[in-house]
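These protein sequence lines map, in sequence, to chains V and Z.
Going by my numbering, 38 is the number at position 38 of the first sequence; the sequence numbering is gapless.
Going by my numbering, 184 is the number at position 184 of the second sequence; the sequence numbering is gapless.
Please note that a few of the clues may not be correct.
[Claimed, not checked] Only some residues are given here: those of chain Z computed to face chain V with a beta carbon under 8 Å:
| id | residue |
| --- | --- |
| 1 | ASN53 |
| 2 | PRO367 |
| 3 | GLU377 |
| 4 | ILE381 |
[Stated by the list, open to error] Covered stretches of chain Z (chain V as the covering partner; in silico rule of three or more C-beta atoms under 8 Å from a C-beta of chain V):
| id | region |
| --- | --- |
| 5 | 345-354 |
| 6 | 359-365 |
Derived from the structure by calculation, the hints contain no laboratory data.
Just so you know, even glycine gets a beta-carbon here, dropped at the ideal spot from N, CA and C.
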Amino acid sequence: MADLSIAKPAPETARGPNLFSMLWRDKLAFVAAVVLLLIVLFALFGPSLLGDLATKQNLRGRNFPPFSFERGWEFFLGGDSLGRPMLARMIVAAHSTILIAAGTVLSAMVVGAGLGLVAGYMGKTTSQVIMRLADVIMSFPSLLIAVVVLYVLGPSIPNMILVLAITRIPIYLRTTRAEVLEVRERMFVQAATVMGASHARIILRHILPVVAPTLVTIATLDFAFVMLAESSLSFLGIGVQPPDITWGLMVAQGRPYLNTAWWLAFWPGLMIVITALSLNLLSNWMRVALDPAQRWRLETRKTKNV
Amino acid sequence: MSEPLLSVKNLSVDFHTARGTVHAVKNVSWSISRGETLAILGESGSGKSVSANAVMNLLDIPPAEIVSGEIIYEGKDLLKVDYETHRALNGKKIAMIFQDPLGHLNPVYTVGWQIVEMMTAHGRPADMARARALELIKRVGIPEPEKAMGKYPHQFSGGQRQRLMIAMALMLKPDILIADEPTTALDVTIQAEVLALLKELQAETGMALVLITHDLGVVAEIADRVVVMNKGEIVEAGLTREVYHNPKHAYTRKLIDAAPGKGEIKLLDPAAPLLLDAKKLNKTYGSFAALKDVSLTLARGQSLAVVGESGSGKSTLARTLLRLEEADSGEALWKGRDLITMGRSELLGVRRQIQMVFQDPTQSLNPRMSVYQLIAEGWDIHKLMPDKSKRRAKVIELLEQVGLSAEHVDRYPHQFSGGQRQRIAIARALALEPELIICDEAVSALDVSIQAQVIALLDDLRQRLGISFLFIAHDLGVVRDFADTVIVMKSGEIVERGPTAQIFEAPQHPYTQRLLAANLDPDPDVQAERRASLTHG
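Make a model of the complete structure from these sequences and hints.
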């Protein structure tokens, strides 16, 4: 109905500043990005700066209640069951948590999406083999694989990433394949074939960009799931080993004390929620920002009718 | 003249979109009396459907807002009555049929159930509804009406589905039937049948018919009066014959002039060297034969049209030649080399020489690529224009060649209108300097005036650059203007072939004759004459 050809010429000289201004336009996403940046900084520098503080036991400060500066700033969020400062422990825990969650989600996404693209694009036989492989993984209880593998290989962070990633691969694989099956029938893919585009080009240039937003959305949802899955492994003693610590493990360890010292489980739980929420907000923004047909929402001043 | 049955007075509707307010219709007035046929003619975006949707209370409010106006039916303003009153009128007194009958029939219920529901929803007993449904299904010409009641929508052809929609609309003997592009999705011969059916039914029941269309031929065939709309305003209104013969407004004149099928018929240059020589191509899908021994030749600079109705195998032919589908047997010699058995690397070279323009540019252009990326992609694939600094200038040159300009380079497909998008698709095809362009219904999704421009553009390219065209179409008018040779296909076979003049002036095969007869002429007098000769002859 509207004459879309009159859409204002978007000055797209430099991509960087443009992305930043688009981020600034969406205030929620901007806050989310700042929070995530902060968490990444914690993860990078936390252990070296606060490592000692976070492991120093102080039995007089056992289950010290939060919101008081009586024992110094580090006890502002309270102390844990061995009298270690919660604040310092949470900052240090960011390191292993983010490492495991990001490592798992990224490797599961890359492998899953890669196999999914191949399964969706190639012929029936290849597709069948890949899909049945995924079925095998899915039919195993994921915790059981984890227990067996970690028992054999020994608990360590790389092994945990490996185990968790394997259990998450089918989700990306199935979603990608389903989308590819639909996208590859679209006209512009045929148009590319007619122009002589190679398979790799069609998959990477034409199909992947259409599938990517869905994958990113799943990945952000998966992030929180992996943080909790890791905690159950740690709870069983085959995950992160003390003195290493993660948010998930802190939640698990704090659970028996919920009646008497709620802050033991609450603060790390809150961090998981904040991280997952920020990632969701940011991925939502990214979906809009990367879609040329939607991008204008972030470029123009919003009118009152939106 | 008696009191009109329905009148729309000074209707203005705005759409509030994120990009600002769009005035969809401005001060539109029309009225219709019993037994009359009114056509609302306009191109896409002209707002021709908006007033009818307002009558049916189908506008989404918001984003739509009715700014002013009234719609008078039986002394009541339909814009002011409450929802329940309106619902009682909808379907019962005023019924509507749509362009896409498959989209408007529920796939999980039998058509009989859906037609009966139309009546039971308005509080009639089920047995009476069933009897009436059966009578109507018989009346609209569906074979074996008893059986048809128990079938599902997908078991019918497009034309039959539209007949069923008509039956459904007529269940409660409405006073007014609004038909929104009822025949646009149908083949010409079926279009003619459906229009004839509508006319007969109108004569029997005396209902008023509001026909929304973009097709001058449909208007000429069926309408008593016509209202021409452009950009939300009525630019001209009057009796169909008068509007056609003495158009007063410049836009109406433009529309009439743009109607295809009036230009000089082109002649083939007999000395041109042969480019493509296909012999006995066969393709089957299961037991269905899509191509049966199809042979054709194409010379340099020739424009060969393949016409046929849906399911005739014309698209399969194009896809087979492009190796999007593998032929079962036969050969297609491209400059002496067989396309069908060619290896991958050799095929890559040929892909540069044969380009394709698809029917729907909205779908054939990757929505995530800018115009520059779209056009330059072919150079990446074929490793042409290695000097990337020159590419931009070349893209701009190509855009100018198809009637776009330099400022469009960095935009994305969704920022263009349908006609402009098709130009981008053509520019993309031209970027590789092809020798043959295959157009699969390349203009059928476009408005007539834009269609004429694109055809003129293609013709210009043919003459200036000597490109050959394989032009697949169902619209005979367009074919007559553009092609020098025509192939007529039916159920996978070529039934007739020859120079355009011969096919149009002296068709031999009965199917070609039928196709030509069903093709609607924009001139109401010509149509009236044809009708007369059909009923008497």
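Hints and how they fare:
Residue-level restraint check for Z:ASN53 is violated (minimum Cβ-Cβ distance to chain V is 12 Å; threshold 8 Å). For Z:PRO367, the suggested interface contact is upheld, since its CB lies about 6 Å from the closest CB of chain V, less than 8 Å. About 7 Å separates the beta-carbon of Z:GLU377 from the nearest beta-carbon of chain V, less than 8 Å, and the hint is met. Interface hint at Z:ILE381: satisfied, since its Cβ lies 5 Å from the closest Cβ of chain V, which is below the 8 Å cut-off.
For the region 345-354 of chain Z, the proposed coverage by chain V is satisfied: 5 residues have a C-beta within less than 8 Å of a C-beta in that chain, meeting the threshold of three. Counting residues of the region 359-365 of chain Z whose C-beta sits closer than 8 Å to any C-beta of chain V gives 4, which meets the bar of three, so the coverage hint holds.
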